[in-house]
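Asker: Below, each chain spelled out in residue letters.
Protein chains: 2
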Amino acid sequence: MMRNKAKIIICETFRLPPGFRAAGVAAGLKKSGRKDLALFISDLPAAIAGVFTTNQVQAAPVKLDRRRLAGGVGRAIVVNSGNANACNGPRGLCDADRMTALTAELLGLTKLQVFVCSTGRIGLPLPMDMIEPGIRQAVAALAPRGGRDAATAIMTTDTRIKHATVTFPVNGRTVTLAGCAKGSGMIEPKMGTMLAFLLTDANVDRPSLQTCLAAAADDSFNRVSVDGDRSTNDTVLMLANGAAGHALLRPGHADWPVFDAAVRQLTLNLALKMARDGEGATKLVTVRVCGARNDAEADLAARAVANSLLVKTSWVGDYPNWGRIMDALGYSPAKVVEERVDIGYDGLPAVRGGVRAGTELARLKRIQRQKAFTLAINLNLGPGAAVVYTCDCTEEYVRINYAE
Amino acid sequence: MMRNKAKIIICETFRLPPGFRAAGVAAGLKKSGRKDLALFISDLPAAIAGVFTTNQVQAAPVKLDRRRLAGGVGRAIVVNSGNANACNGPRGLCDADRMTALTAELLGLTKLQVFVCSTGRIGLPLPMDMIEPGIRQAVAALAPRGGRDAATAIMTTDTRIKHATVTFPVNGRTVTLAGCAKGSGMIEPKMGTMLAFLLTDANVDRPSLQTCLAAAADDSFNRVSVDGDRSTNDTVLMLANGAAGHALLRPGHADWPVFDAAVRQLTLNLALKMARDGEGATKLVTVRVCGARNDAEADLAARAVANSLLVKTSWVGDYPNWGRIMDALGYSPAKVVEERVDIGYDGLPAVRGGVRAGTELARLKRIQRQKAFTLAINLNLGPGAAVVYTCDCTEEYVRINYAE
Numbered sequence: 320m321m322r323n324k325a326k327i328i329i330c331e332t333f334r335l336p337p338g339f340r341a342a343g344v345a346a347g348l349k350k351s352g353r354k355d356l357a358l359f360i361s362d363l364p365a366a367i368a369g370v371f372t373t374n375q376v377q378a379a380p381v382k383l384d385r386r387r388l389a390g391g392v393g394r395a396i397v398v399n400s401g402n403a404n405a406c407n408g409p410r411g412l413c414d415a416d417r418m419t420a421l422t423a424e425l426l427g428l429t430k431l432q433v434f435v436c437s438t439g440r441i442g443l444p445l446p447m448d449m450i451e452p453g454i455r456q457a458v459a460a461l462a463p464r465g466g467r468d469a470a471t472a473i474m475t476t477d478t479r480i481k482h483a484t485v486t487f488p489v490n491g492r493t494v495t496l497a498g499c500a501k502g503s504g505m506i507e508p509k510m511g512t513m514l515a516f517l518l519t520d521a522n523v524d525r526p527s528l529q530t531c532l533a534a535a536a537d538d539s540f541n542r543v544s545v546d547g548d549r550s551t552n553d554t555v556l557m558l559a560n561g562a563a564g565h566a567l568l569r570p571g572h573a574d575w576p577v578f579d580a581a582v583r584q585l586t587l588n589l590a591l592k593m594a595r596d597g598e599g600a601t602k603l604v605t606v607r608v609c610g611a612r613n614d615a616e617a618d619l620a621a622r623a624v625a626n627s628l629l630v631k632t633s634w635v636g637d638y639p640n641w642g643r644i645m646d647a648l649g650y651s652p653a654k655v656v657e658e659r660v661d662i663g664y665d666g667l668p669a670v671r672g673g674v675r676a677g678t679e680l681a682r683l684k685r686i687q688r689q690k691a692f693t694l695a696i697n698l699n700l701g702p703g704a705a706v707v708y709t710c711d712c713t714e715e716y717v718r719i720n721y722a723e
Numbered sequence: 320m321m322r323n324k325a326k327i328i329i330c331e332t333f334r335l336p337p338g339f340r341a342a343g344v345a346a347g348l349k350k351s352g353r354k355d356l357a358l359f360i361s362d363l364p365a366a367i368a369g370v371f372t373t374n375q376v377q378a379a380p381v382k383l384d385r386r387r388l389a390g391g392v393g394r395a396i397v398v399n400s401g402n403a404n405a406c407n408g409p410r411g412l413c414d415a416d417r418m419t420a421l422t423a424e425l426l427g428l429t430k431l432q433v434f435v436c437s438t439g440r441i442g443l444p445l446p447m448d449m450i451e452p453g454i455r456q457a458v459a460a461l462a463p464r465g466g467r468d469a470a471t472a473i474m475t476t477d478t479r480i481k482h483a484t485v486t487f488p489v490n491g492r493t494v495t496l497a498g499c500a501k502g503s504g505m506i507e508p509k510m511g512t513m514l515a516f517l518l519t520d521a522n523v524d525r526p527s528l529q530t531c532l533a534a535a536a537d538d539s540f541n542r543v544s545v546d547g548d549r550s551t552n553d554t555v556l557m558l559a560n561g562a563a564g565h566a567l568l569r570p571g572h573a574d575w576p577v578f579d580a581a582v583r584q585l586t587l588n589l590a591l592k593m594a595r596d597g598e599g600a601t602k603l604v605t606v607r608v609c610g611a612r613n614d615a616e617a618d619l620a621a622r623a624v625a626n627s628l629l630v631k632t633s634w635v636g637d638y639p640n641w642g643r644i645m646d647a648l649g650y651s652p653a654k655v656v657e658e659r660v661d662i663g664y665d666g667l668p669a670v671r672g673g674v675r676a677g678t679e680l681a682r683l684k685r686i687q688r689q690k691a692f693t694l695a696i697n698l699n700l701g702p703g704a705a706v707v708y709t710c711d712c713t714e715e716y717v718r719i720n721y722a723e
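From first to last, the protein sequence lines stand for chains A and B.
In terms of the working numbering, the first sequence opens at residue 320 and continues consecutively.
In terms of the working numbering, the second sequence opens at residue 320 and continues consecutively.
So that you can see chain A by itself, here it is in the shape it has in the complex (with noise of 0.2 Å):
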């Protein structure tokens, strides 16, 4: 493991892997005039994996590409911020169909092979007036170096835009894996919309590029912040060329354990910038569970911690108030016995055995006063462990979200 990570390199810039080219435009979704419109183009057929939300309320373009993923081959992403394409009926279907039909027919290709996602409000028809013209203008700009142009045109409201790009030997051979994502309000992708497009010259079975990009979902996007639950357009979408010309990769390829780190720490390096980025957010906060009675329960103890409000926002200042972190455990539905739960921040002990552990205060405050702090909570129950990246809750989070 040591010997894989160490072939891997990444670099914080959003760098197309051979054969790709991408685009960003301005159609005029968002008001402000900022870039709304990605477009994202394999030259060559692509094996195609995608990960899409749960809720049971989903968005037309979520419904169309669970849809084709089980074609298996895709050749390019038409993606819209500013619009969620939620909530409109058939309409909503009909529009974006339409969107991949139109890219479809502007480059060629069929729009079975042609994906789209859409950020934004729910509930408002797409205005396929600036919609079509922005493709239109998007296809007319595709180019090797469209990337950090296509990673700032799905923004909604990040303040910094996410992107980065590995790279790897296959065969001897250096293969790159360019991603970019766009973050959730609060950074909870049950309530705000998360998107993330990964890029490889790689060439890549199928099935096994679709598992591998589940698990290390599983293990990145997924533990930022909270429960799980999704938003209605929730997507990951991770398309592989194989321009790198080298053997197929699977399980069993001597590089298979080098593909699956790179993409891994792909996904959690664009996972932690969006915890980083949460609306309105100023400290990153880990919390990690272990002692639990399985990794399930840990999970849910994790989640209720990073969940919770009062808990949230106590980050904002400095007082280390673990009684909210007790509370929080205690009414998780995981097992916890309030006498055997040790709590640290950084390593500082705060609680042991449920009550004080006596840590000068003002040492406690100095961690929680950093950008980035680490809760190590113990239930001393099992052997369940579980991590979750989550953030402060600030009054600027508020006030992003009522304004209209």
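Source of the hints: derived by calculation from the structure; they are not laboratory data.
Warning: the hint list may mix true and false statements.
Pairs count within a copy or across copies, as identical chains cannot be separated in the list.
Cross-link-like lysine to aspartate or glutamate pairs, in silico, EDC-like; alpha carbons within 16 Å at most [unchecked claim]:
no., residue 1, residue 2
1, K382, E657
2, K382, E658
3, K430, D416
4, K602, D665
5, K684, D524
6, K690, D637
7, K690, D661
Knowing the structure of chain A, use the given hints to seat chain B on it.
Answerer: Chain B in isolation, oriented as in the chain A frame:
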């Protein structure tokens, strides 16, 4: 039922029934110097009933009271605000016990007849050097008209005192039932502590009193926002001292329905005051769900909406962001079929069959601008119904909760 209601008179004061005295004093636990210690006493042995938090982490006074409740007889309740006496280990239990023992000693009772509640910060030992003189002071101040002082002393972040008194006839005599309460943080019992004390001179069978109180609490306090999870300290206690001198009330007595209705009316009155006075809240929102597959699912759906931070923040402004309600319904554990959902704002349709109903935006905005409004959600899947009372989440809420 109409006949019974007509007999019950409610007034917005806290008039102690015959045979009760109360006091509220400043013991010094609140830095502000405000009243923080309350005492209620019945001059006669009273039947006692109680409902407590279901949190796995329970404050010392909760542990003590639960045990004592089995005795069935209560004479006094001593309450402090400013410190929760939770997560204090064996010392916490000792201190809680000492509070009851000292109260008993001063009043000539046995400590098993004295109940105790605390509310405030978790994890700090009780300052017994302030509590003990406070109790002496409260005993000296006990008076038949001390209700208002007591109701003031139990407040924490409450901005308004919460109390009411109902009177109703039993066997032709007028009986009084008076109650006071303190609200919880964001009016979600899981997030802050709620306490309520109900005092009556009715003569009530003890087991019937417990059943009646538990059912009334379920339909009132447990309907206030969110998820029914509770803080470490939530407690509702009721004393019935029989001073009215009528025949024992229990189901089967002709006036039992009047008594039961009076208890329900008072608990709902206090619960709505909590919802309206949630920390930083500006609006009382009633979320009614019908058409769920069953009542339990209606409850889950209503709580998902009432508990969604994105929904709660959207209520601060006037834009009726029903898309966020659809999203919350979609990720709730209740079965939801997007195409069947109807949502109304005070009777005006906003969503029909999962899509915009076409009501003019300005009319919906006018409703959301009100101090109180009702969301009526019909899932159109079955007979299940539920209601939750909640409030908006403002910047003020965040400010209150990160202050040390």
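Asker: Against the earlier hints, flag every one the structure doesn't satisfy and list their numbers going up.
Answerer: Hints 5 and 7 contradicted; others consistent.
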